[in-house]
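Visitor: Produce the entire structure from the sequences given, and follow the hints as far as they go.
Everything in the sequence shown is counted per the numbering used here, starting at 1 for the first residue and increasing by one.
The reader is advised that the hints may include incorrect statements.
[Stated by the list, open to error] Ranges of calculated distance between the beta carbons of each label pair, as one might list FRET restraints:
#1 Q36 with S94: 31 to 39 Å
#2 T13 with S87: 28 to 36 Å
#3 K78 with D55: 16 to 24 Å
#4 H19 with E59: 31 to 39 Å
#5 Y24 with K68: 30 to 38 Å
#6 Q6 with G77: 30 to 38 Å
[Claimed, not checked] 30 Å max Cα-Cα, derived DSS-like pairs, lysine-lysine:
#7 K29 with K68
#8 K29 with K90
#9 K78 with K68
#10 K90 with K68
#11 K90 with K78
Don't read these hints as lab results, they were simulated from the structure.
The beta-carbon is built from N, C-alpha and C at its ideal position, and this holds for glycine as well.
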Amino acid sequence: MIRLAQELADISTALPHEHTNAIYVRCDKDRVDFMQALIMGSNGTPYGHGAYLFDIYFEDNYPNGPPKVNLTTTGHGKIRFNPNLYSCGKVCLSLLGTWRGSAS
1 MIRLAQELAD
11 ISTALPHEHT
21 NAIYVRCDKD
31 RVDFMQALIM
41 GSNGTPYGHG
51 AYLFDIYFED
61 NYPNGPPKVN
71 LTTTGHGKIR
81 FNPNLYSCGK
91 VCLSLLGTWR
101 GSAS
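Guide: The following block contains the structure:
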């Protein structure tokens, strides 16, 4: 958790914060291993002017293991914004260990 606390200290100056291109992160003051991230879609992209909320949990083995990430902006399980963002909230990325990628 020391590593996570160090990374949180850097976040306040490292994330973009424009009105159509921003990332906001908040964490539980007693449990820094639980966070939420709000990502504002970049203007000129299919995600522009959208707000996407993610729940993030860091297990004890972080940074040797990936965090668990769940998309909560799904229209009550009805909307899938991207092939890597499922309507059930699953976030499928190789960085998270939830997608192996293709061999080609």
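Visitor: If a hint holds in the structure, say so; if it doesn't, say that too.
Guide: Hints versus structure:
{"no.": "1", "hint": "Q36 with S94: 31 to 39 Å", "verdict": "violated (23 Å)"}
{"no.": "2", "hint": "T13 with S87: 28 to 36 Å", "verdict": "holds (34 Å)"}
{"no.": "3", "hint": "K78 with D55: 16 to 24 Å", "verdict": "holds (18 Å)"}
{"no.": "4", "hint": "H19 with E59: 31 to 39 Å", "verdict": "holds (34 Å)"}
{"no.": "5", "hint": "Y24 with K68: 30 to 38 Å", "verdict": "violated (19 Å)"}
{"no.": "6", "hint": "Q6 with G77: 30 to 38 Å", "verdict": "holds (36 Å)"}
{"no.": "7", "hint": "K29 with K68", "verdict": "holds (19 Å)"}
{"no.": "8", "hint": "K29 with K90", "verdict": "holds (26 Å)"}
{"no.": "9", "hint": "K78 with K68", "verdict": "holds (21 Å)"}
{"no.": "10", "hint": "K90 with K68", "verdict": "holds (9 Å)"}
{"no.": "11", "hint": "K90 with K78", "verdict": "holds (13 Å)"}
When each numbered hint is compared with the structure, violations occur for hints 1 and 5.
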